[in-house]
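For reference, the chains in residue letters:
Protein chains: 2
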Amino acid sequence: MTILNLSGIVFGLVGIVFTIFLTFKVLENSPGNEKMQKISGAIQTGARAFLISEYKILYVIVGIIFILLGLTNGWMMALAFFLGATLSVLSGFFGMSIATKTNTRTAQGAIHSLSNGLKIAFNGGAIMGMTVASLGLFGLGLVFYLTNGDTISMSGYAMGASLVALFARVGGGIFTKAADVGADLVGKTEAGIPEDDPRNPAVIADNVGDNVGDVAGMGADLYESFVGSIFSASALGVILFSEKGATFPFIVVSIGIISAIIGILVFNFNLKDKENVDPSKALHFGMYIANILTLIGVFFLSLIFLKTLKPFYVIFLGMVVGMLIGSITEYYTAKEPVKHLAKSAVSGAAPLLINGMAVGMESTAIPVILISLATIVSYNLLGLFGIALAGVGMLATLGITLAIDAYGPIADNAGGIAQMAELEPYVRERTDALDAVGNTTAAIGKGFAIGSAALTALALFASYTKVVNLEIIDLAKSQVFIGALVGGMLPFLFSSMAMKAVGDAAEIMVEEVRRQFREIVGLMEGKADPDYSSCVAIATKGALKKMVLPSLLAVFMPIIMFFILGKEAVAGMLVGTTVSGVMLAIFMANSGGAWDNAKKYIETGEFGGKGSFAHKAAVIGDTVGDPFKDTAGPAINILIKLMSIVSIVVIPILIKIFQ
Amino acid sequence: MTILNLSGIVFGLVGIVFTIFLTFKVLENSPGNEKMQKISGAIQTGARAFLISEYKILYVIVGIIFILLGLTNGWMMALAFFLGATLSVLSGFFGMSIATKTNTRTAQGAIHSLSNGLKIAFNGGAIMGMTVASLGLFGLGLVFYLTNGDTISMSGYAMGASLVALFARVGGGIFTKAADVGADLVGKTEAGIPEDDPRNPAVIADNVGDNVGDVAGMGADLYESFVGSIFSASALGVILFSEKGATFPFIVVSIGIISAIIGILVFNFNLKDKENVDPSKALHFGMYIANILTLIGVFFLSLIFLKTLKPFYVIFLGMVVGMLIGSITEYYTAKEPVKHLAKSAVSGAAPLLINGMAVGMESTAIPVILISLATIVSYNLLGLFGIALAGVGMLATLGITLAIDAYGPIADNAGGIAQMAELEPYVRERTDALDAVGNTTAAIGKGFAIGSAALTALALFASYTKVVNLEIIDLAKSQVFIGALVGGMLPFLFSSMAMKAVGDAAEIMVEEVRRQFREIVGLMEGKADPDYSSCVAIATKGALKKMVLPSLLAVFMPIIMFFILGKEAVAGMLVGTTVSGVMLAIFMANSGGAWDNAKKYIETGEFGGKGSFAHKAAVIGDTVGDPFKDTAGPAINILIKLMSIVSIVVIPILIKIFQ
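Note that the protein sequences, when read in sequence, are chains A and B.
Residue numbers in the first sequence follow this note's numbering, run continuously in steps of one, and reach 661 at the last position.
Residue numbers in the second sequence follow this note's numbering, run continuously in steps of one, and reach 661 at the last position.
The shape of chain A in the complex, shown without the other chains:
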């Protein structure tokens, strides 16, 4: 044990201290007038209430698993599991609380200038990003240090992170899209009132959804990815470089955290006392700084610590591939294909939907080839450790990439508040501009997330084969093939459950919104207030009721498969789930993104603009895309990894007990 084994704890704490400092800076800004604060308060109350109800259900399951793990595999691993889950919950809750406090401050800041709004929104996102990265590194670093790099305990930590992530993504995803679909269907399509109109009874639920789904859900998601990639790299690194290999990923991520802090500071310094800035340039600049600094750090680290530049090459490759996947994602969801897609809306909703699905399906091709390329090259350089390390490379600067991701919903919410609080139209224009930039820059973050998910899944699969002593997983055996077939089916079944939950909850929401428009006298004239809370309650109920079953699917399927067809079939199942899951996740995310932007493109006045036949078709496309891109799609990435981690943790225990 060298002092370097403390790096996770130390730099995790550095990140935490910086986050607290940043939080105070952000909260210094004015939260705006009374009406804005009232609206923001309502969003906050709804979001917190939902998260607390969600955590209550979650902790029943966490508690059961904690006890089972403790009894069968010792309490150290059980504690690691509990810590992994709890730090995820904390980072989601804290990050989201700050985000809900930042949105009104962003709206207020945008009154003064675009750059002011940009700075506040970005820093709000940075708090989320840094919280997730710091707590993730700190927690896993703590387990690593205390257990002397025990892989089993770390896998428990990763399992806790994955379990919370799946619940948060599924629950938050159902909530946000039930509210969004419900609000849009009646508000925009039937009543013809604009987005975020305070007369829409579902408008608060919609904004709450942005926070619990897009902020808290995404935070838990990336916490999971981050932890999963470090864990798998550390577990595989020890095989190749013994102790140094196990420590290496922690140091890489520590460099990433410091680089992210510098990137965030540079961003803020650049904006100081400036009235007008190009938000896209500013965001990109901060991110590039962080990535370049990380690469420089990793270069010297590889050379000095591991005496080879191969880890540097692999991490560099991971970053490049992540950025390329991001560019492809951006191309399919924001460039030519979207314009072509928007044109098909002129022929109606059906061609738009058909073509949108075609775009999403096509968009799987190049990312898969890039991932394959990254896999081959890094495998040839450093074996399985290389594959895991490429995944770490994609997430090393998470503190700032997630900042840019989380900045989007904050700007979106700020726009909602500006609208509802009836601020001057130019404020909304500014927040819209901020939001638009966020959508594009977020594409790179998505690229990192997709790429790292696939590589981490592969690394976790390899770890599974090691912990259950499988030298060979022979596809020519019928049980392995069947495992792959059943595994391939699971992402479809899982998506079906998630989408049905959104569809069902949205239907109840639509009825409720219609009822309020019908029954509350003076609502459309703005003389009476709608009942926001009943819509929040519908989304909450729908989400909580429907999130449990799909999440348990991930936990139980590896166990069931093990009992029926054995450990080799479980390996087949993990591959099947990865293969069909990666495709389905990319397809759903990008179809949804393309529809969203096709609608936005039409709203700029193309093909008849707002209110035209094409626009109506585009609204349908956007609505269908909502559960694609924000509920089922992103959750599949977690499903894949959670199944792998459950297999790593549970199957060895079952083998011990039953064989």
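It does not matter which identical chain is used: a pair holds within one copy or between any two.
Lysine-lysine pairs mimicking DSS-like chemistry, simulated, CA-CA at most 25 Å apart:
1. LYS602 to LYS283
2. LYS337 to LYS612
3. LYS547 to LYS345
4. LYS246 to LYS468
5. LYS312 to LYS479
6. LYS337 to LYS602
7. LYS468 to LYS479
8. LYS618 to LYS345
9. LYS341 to LYS547
10. LYS543 to LYS345
11. LYS612 to LYS345
12. LYS27 to LYS274
13. LYS618 to LYS337
14. LYS543 to LYS58
15. LYS543 to LYS341
In case anyone wonders, no lab produced these hints; they're calculated from the structure.
Fit chain B to the supplied structure of chain A, relying on the hints for placement.
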């Protein structure tokens, strides 16, 4: 070589003779009045013209492959390939020609009585079914006999069948859905005229599409499945039971053909001189007779010829699993889920689309479990031969199951002719009743098709590993994993191409139909005729231009993968394609089916009936489902098998040349 090796040739010829007899019987019926004949003639001309253009392109590719195979692997295999392709083309062309002659006779028959219409439509379908089964058995039997059971030559035959099938499915599927979507979008949605209204310029193209897609395409598809399953069973049977094992599948299918003939005769006998019958009962009865007779025959064959009942068990299991998958398919596309789906149309197109995709995704679960069950049990009984044989069991009575499948589009077309020729409304009601029954009974046929595709794909995969001498396909190797990942992507890319082709061609069609409504004076008042031929030309052009690339994908991907990552990666790729392809195919087919029937359910008067808000939403759902269920979905099954057969045929040649 025993006399039994001739069984394929002999019983194939018996089937052909019976088919010719049946054809004369069907053509004896009156083709109806002059107007009906004129319409039927227009459909026939369009359909034949399309097929001939399609075959011209196809034969360029067939010719190139023929020469390449001949030069590298001997002319016997090349000839087998050519024969496999040509008999497929012939059966598609002949079957479709009869179908287009039967539709007007069905409409005419329905004037007299429901049972009359039923008989003619069924016999028309039976001609298709018997043509496909007889020519398939005869051709493969001929190759088997001439080459003394040479697996390589038979694989050439199967490759010819698969290649044609993919072209026919993709080309026909694009044609039919471009026409259908185009006709519906403007006709039903914008102009508000009913289905099959002669004022709709795309109406002839729509009816041509039913024939080239649903009849000729489906015929080639099942010819391929039939040939593929017999080939793989024969190739694997020889390993277990030597010569007898190779012959066994041919005899099973011969029994199936005789049983189908008896089933068809019993059906006709039952309807003799009856005015009113329950069409569903009559169709089911014929099919059950055929299946029971086959089982009895196989029971004695197993006992006497192979001295074990295991093959009987496996075939029995295959039939039961096929029927169960059929029932599940029917449940998801016609029962409770469809009613629930129809209800969501009340909230709009978006919830309907979301829920419809959820239904399709969910519907993958039980079929996959049933297929897994069939695989395990038959593998335990007879090894890989058992898996292939279970697939043969599902298709043994193809002569009659395909009859029921092909009967659907004939009844559908008859309805179109009744409408366009302005026959009395009761005629249309009768043809609609026939069509409705066809949709349900066809579910069982679909179950057989899905089940056998998965099992045959598995058997072909096993054959591939044998011909390239792969004892083990180790998923823990990164190139195998990458093969699986890239393979899993292909069905998505392929579907994307197919759907985009439909979307693009439909858009051009929509513009053309709108133009005609706008520019042809008196069209809507029925005083002027539309220009049908321009719409047929658009669909033809769209289909021919876009069918080549996706089809070549299947041919070239195994070759490319072999050169980059080797033969084990190709095995990984085949598994990846099977895993994601089976799911995608079931998902697309059943989502499409569910939307179709949800629309029909609303049209019975539920949730506001025709013209209501819910109905408009349901029409959008149906339109989106069209390329799902009739273009991309069914073609994926062929893609999976064609890739396997190309690998079986081409990779050993490449190994010989380059290693």
